[in-house]
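**Student:** Sequence:
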Amino acid sequence: MKITAFGVNKEEKYYFEKLAQTKNFELVQTPEWVTADNIELAAGSDAISTMQTGAYDEPLFKKMADLQIPLLALRNVGTDNIDFAAARKYNIQISNVPSYSPATIAEFVVMTMLRLLRKTKEMDRAIEAGQLVSAQKMTGRTLRDETVGVIGTGHIGFTTAELLHNMGAKIIAFDAFPKKDAPDWLQYVDSLEDLLKQVSLVTLHVPGLKENDHLLNADRLALLPQDAIVVNTGRGNLIDTDALIGELQTKHLAGAGIDTFEYEADIEREIQSGEQPQESHYLALQEMDNVIITPHIAYHSMKAVENMVGISVDNIFSYVEQGTTINPVK
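Numbering-wise, the sequence shown is residues 1 to 330 according to this note's numbering.
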């Protein structure tokens, strides 16, 4: 069996090479994102393993079909960058990794919330500018005194809610499909609007589907109480970035933590071309003391990387041996 892995970083490289030895398959690896221009690297492969924010488009799927590569095995959850109509047209199968380490993301959410509540970015900047006295006067908030709204209570959302509950926060949740066996401390409300009116912190854990585009738009952000904080480790399109910037500039919101960003693909293109990010929304947010931007890294721990690589390879083996993947996406 031959597998070609695209978009491989140094941590993934270690786990791919380890699996290639233990499972006895031929491995080709590259840090490049997969496109129609470089898919020839995978000639003779039974499948490709990949993870990227760049598009999986029709020209790519056509060339995969020409090369008789039947499977695109993602190492991540999200599929909003896939042209599924084109995949079906060329009979390319898709698999993903629906859950790789919920605790990794949950801990990152809590870390980001604590940084915002305690104003650590503003404090760091003051100290770096030699304004120690100003830093000493910065008053923070306590997580156990907050009411947190959790939007989406799947694997990641529930793990995040549980961790926040264990730290003393009150939890309110909204999900189109509430957990039937939810613990007493997890209080569901009937609508997103009801949730937003009641919380001082909100965290997003829903997929980036078209129906969720700008889930937090101007009208919904305006429902949040004064000095609320928004954290997004879900998908970039869930928040209307222009509306978010407006609410921060008017000081209605006390802060925001952005790990997934609406204009992330634009920034990635700038970085890949060797430029520093110049995307206007990114620059506006980065300048704010009460906004923490991280590079879509909430998921990234050694355990998560091991699981992402391992489950992706398991999907490939399942397809080759049984004709179907463990985690098909249609």
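Fair warning: there could be bad hints in the mix.
[Unchecked claim] Below are the SDA-like pairs computed for lysine to any residue, each with C-alpha atoms no more than 20 Å apart in a straight line: (1) Lys2 x Leu19; (2) Lys121 x Val320; (3) Lys170 x Ala254; (4) Lys179 x Lys89; (5) Lys197 x Arg220; (6) Lys62 x Glu40; (7) Lys18 x Lys251; (8) Lys170 x Met111; (9) Lys303 x Ser99; (10) Lys137 x His165; (11) Lys210 x Glu264; (12) Lys251 x Tyr299; (13) Lys197 x Lys121; (14) Lys121 x Ala103; (15) Lys63 x Ala36; (16) Lys210 x Tyr263; (17) Lys63 x Ser99; (18) Lys2 x Ala254; (19) Lys251 x Leu209; (20) Lys2 x Thr53; (21) Lys179 x His165; (22) Lys121 x His296; (23) Lys2 x Lys330; (24) Lys197 x Gln226; (25) Lys10 x Gln286; (26) Lys303 x Asn76; (27) Lys2 x Pro207; (28) Lys89 x Ala36; (29) Lys170 x Arg141; (30) Lys119 x Glu264; (31) Lys10 x Met302; (32) Lys197 x Lys210; (33) Lys2 x Asp46; (34) Lys251 x Glu264; (35) Lys121 x Leu19; (36) Lys121 x Gln286; (37) Lys2 x Leu27; (38) Lys251 x Arg141; (39) Lys89 x Pro59; (40) Lys197 x Tyr263.
Hints are computed from structural coordinates only; laboratory data are not their basis.
**Student:** Which of the stated hints cannot be reconciled with the structure, identified by number in ascending sequence?
**Tutor:** Per hint list: 2, 4, 7, 10, 12, 13, 14, 17, 18, 19, 20, 23, 25, 27, 30, 32, 34, 35 and 40 violated.
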